[in-house]
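K.L.:
Please arrange chain L with the ligands on chain P, whose structure you already have, making use of the hints.
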Amino acid sequence: MIELHNVTVTYQKDAPALNGINLKIPKGDFVFLTGASGAGKSTLLRLIYAAVTPTRGHVVVDGQNVTRMTRHQIPFLRRNIGVVFQDFKLLQSRSVYDNVAITLEVLGWEKKDIGKKVYHILKQLGIEHKLDASPQRLSGGEQQRVALARALVNEPRILLADEPTGNLDDHNKDQILRIFKEANIRGTTVVIASHDKRVVHYSHNRIVHLDKGSIKEAHDVTPQA
Amino acid sequence: MSRPRHNLRPHASTMGHWSRFCYFAGKAWANLIGNKLVTILTVFTITLALLIISLFLLFYVNLEGTVEQWSRKVVVTAYFDNELSPQELGALKNRIAALPGTESVKYIAKDEALKRFRSRLKGQEALLEGVAPDVLPASIEISLKKQFRSVDSVTGFVVGLKRIQGIGEVQYGEEWVRKFFTFFQFLRVLGILIGSFLILAVLFIVSNTIKLTILARKEELEILSLVGATPFFIKAPFLIEGMLQGAVGSLLAVILLVGGYYTFLAQAVNFLSFNPAESGLIFLPTEYIVALLLGGIMLGLIGSLASLKKFATT
Ligand SMILES: Nc1ncnc2c1ncn2[C@@H]1O[C@H](COP(=O)(O)OP(=O)(O)OP(=O)(O)O)[C@@H](O)[C@H]1O
Ligand SMILES: [Mg+2]
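The listed protein sequences derive, respectively, from chains P and L.
Start counting the first sequence at 827; every next residue gets the next number (my numbering).
Start counting the second sequence at 696; every next residue gets the next number (my numbering).
These are calculated hints, taken from the structure and not from any lab test.
Misleading hints may appear alongside valid ones.
Computed list of chain L residues with no C-beta within reach of chain P, every gap over 10 Å [said to hold, decoys possible]: (1) M710; (2) L743; (3) F878; (4) G923.
Keeping only pairs whose Cα atoms sit at most 25 Å apart, straight-line, the calculated DSS-like set for lysine-lysine is [what the hints assert, rightly or not]: (5) K915(P) <-> K942(P); (6) K850(P) <-> K1023(P); (7) K801(L) <-> K943(P); (8) K930(L) <-> K937(P); (9) K915(P) <-> K1042(P); (10) K801(L) <-> K915(P); (11) K788(L) <-> K801(L); (12) K722(L) <-> K915(P); (13) K850(P) <-> K949(P); (14) K915(P) <-> K906(L); (15) K956(P) <-> K930(L); (16) K949(P) <-> K1023(P); (17) K956(P) <-> K942(P); (18) K915(P) <-> K1004(L); (19) K1038(P) <-> K1007(P); (20) K722(L) <-> K937(P); (21) K938(P) <-> K722(L).
Think of the CB as a built atom: it goes at the ideal place given N, C-alpha and C, for glycine as much as any other residue.
Just chain P, with the same shape it has in the complex (with noise of 0.2 Å):
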């Protein structure tokens, strides 16, 4: 599903951010991507949606070249990855309603799906009373959890989440790792990158850890459960 040969990526003229990075996702795949701050994370995850070009090597997602990609591409790639972005980009201007919408609108859904649609997302996230705040208004989690709702609204094949439980306690952690793991049930392949050991041994599944750039360990723990 996600495949990355001899990726080095470079911003300006520092050390590299990644460094020679080999990595095979297969789909349906939960993986955990771990690393101290700075040690190549949101860049990795960056490649996949392409908003980061490598310097060197190639990425490819679902069979497709995407360092190749044009512009006029690179939309219809990342209609199939749902991203909850680190600093989470909601649109404060808007409401949690509109945040989520916008996924879908950007499809060319017809109003009235979209609006079944994404109450049942904010339902099984638990916000849906949340519906018409802006997002300034909400607690750290409940922002969150409302980037996790807009990530997963559309069912994306790939779900990529930087430090999403960052906000949260415990209990709202294990809710959101399971609504990941329901995701990944349902055929979506994960990458989740956290440095959060509660997160990371969630349950046994893959680790992939970055140091400075490059991949120290990948290990399987064992299949999940």
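P.N.:
Just chain L with the ligands, lined up with the frame of chain P:
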């Protein structure tokens, strides 16, 4: 890349072209309402810009009108070698009328010439007391078609005129004509220069104002792009917004122009005992008004396009 497979997608009906357009227009409208201050700023910028351009046009159109009036005074006067019989005169007039460039031909008989001369000597008519009525020669006055009223054309016309049998001396105030046309040419070039400069400046200002709108929504553009919006999807509402702002801005400009013009006329009548009908003042012809309205819409569109170009998303 081929379109994604939809088999894993939740099933939903998608919009047709019309509802897609409505969606974009609705979004544009929501954005206009949502950013009132920037919207008002942009509309007023466009209004002001078009008002300046239309005032310039008004001035230019009136200048052209005045010049057209003046250039009617460029008259070629031809005298005859000998006295002509009425038949000969008729034939001659026909030959002159057949020349390319002749607008009208007028015969000035000897007594008519004296009458004109006398009227010029207002108060001192006594000087002409006892002068024979045929002391002045008869002549033909030819006025020229509009496109022949230039230095070279007049000279060429005179050459042709002189070839006609029976035509003697020809007068057309060479020096005056030359000066007049040179001056007019200068005004015209100046007008075109100022006009193009104005249009460029207006485009620059409007596109920078619209850039403010886009800057204010940079975040939204980024998110749209990240959730898979095509460049067209991202741009369409902005283009519609630009056109709407342009339309409203130019409409306001036209209203202000018409209002201002007629208020000015009314005031001038009251205070300056000024007769608008005799003044020769002209308002902008309808084509110009339509062009201003369309120009405003184009201005909004081009301004949006230009400022979007710098935000090549992804
Ligand atoms: N846009 C950018 N421009 C320049 N350098 C960048 C940019 N983004 C990241 N970097 C650099 O690349 C390196 C990897 O950054 P990245 O954001 O991928 O780390 P991370 O593992 O996600 O860290 P964190 O856990 O703090 O989010 C860092 O040294 C960072 O300074
Ligand atoms: Mg990061």
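K.L.:
Evaluate each hint against the coordinates.
P.N.:
Hints, verified against the model:
1. M710: violated (5 Å)
2. L743: holds (28 Å)
3. F878: holds (55 Å)
4. G923: violated (4 Å)
5. K915(P) <-> K942(P): holds (23 Å)
6. K850(P) <-> K1023(P): holds (23 Å)
7. K801(L) <-> K943(P): violated (87 Å)
8. K930(L) <-> K937(P): Answer holds: K930(L) to K937(P) is near 20 Å, not above 25 Å.
9. K915(P) <-> K1042(P): Judged against 25 Å, a Cα distance of about 30 Å means the pair is violated.
10. K801(L) <-> K915(P): violated (83 Å)
11. K788(L) <-> K801(L): holds (8 Å)
12. K722(L) <-> K915(P): Given pair K722(L), K915(P) holds - Cα atoms ~20 Å apart, limit 25 Å.
13. K850(P) <-> K949(P): Violated, because 34 Å separates the two Cα atoms, which is more than 25 Å.
14. K915(P) <-> K906(L): holds (22 Å)
15. K956(P) <-> K930(L): violated (30 Å)
16. K949(P) <-> K1023(P): Measuring from Cα to Cα gives roughly 28 Å; hence the hint is violated.
17. K956(P) <-> K942(P): Holds, at roughly 15 Å.
18. K915(P) <-> K1004(L): Status holds; Cα separation ~23 Å.
19. K1038(P) <-> K1007(P): violated (29 Å)
20. K722(L) <-> K937(P): holds (13 Å)
21. K938(P) <-> K722(L): With Cα atoms ~17 Å apart, K938(P) and K722(L) stay inside 25 Å; holds.
Violated hints, in rising order: 1, 4, 7, 9, 10, 13, 15, 16, 19; the structure is consistent with all others.
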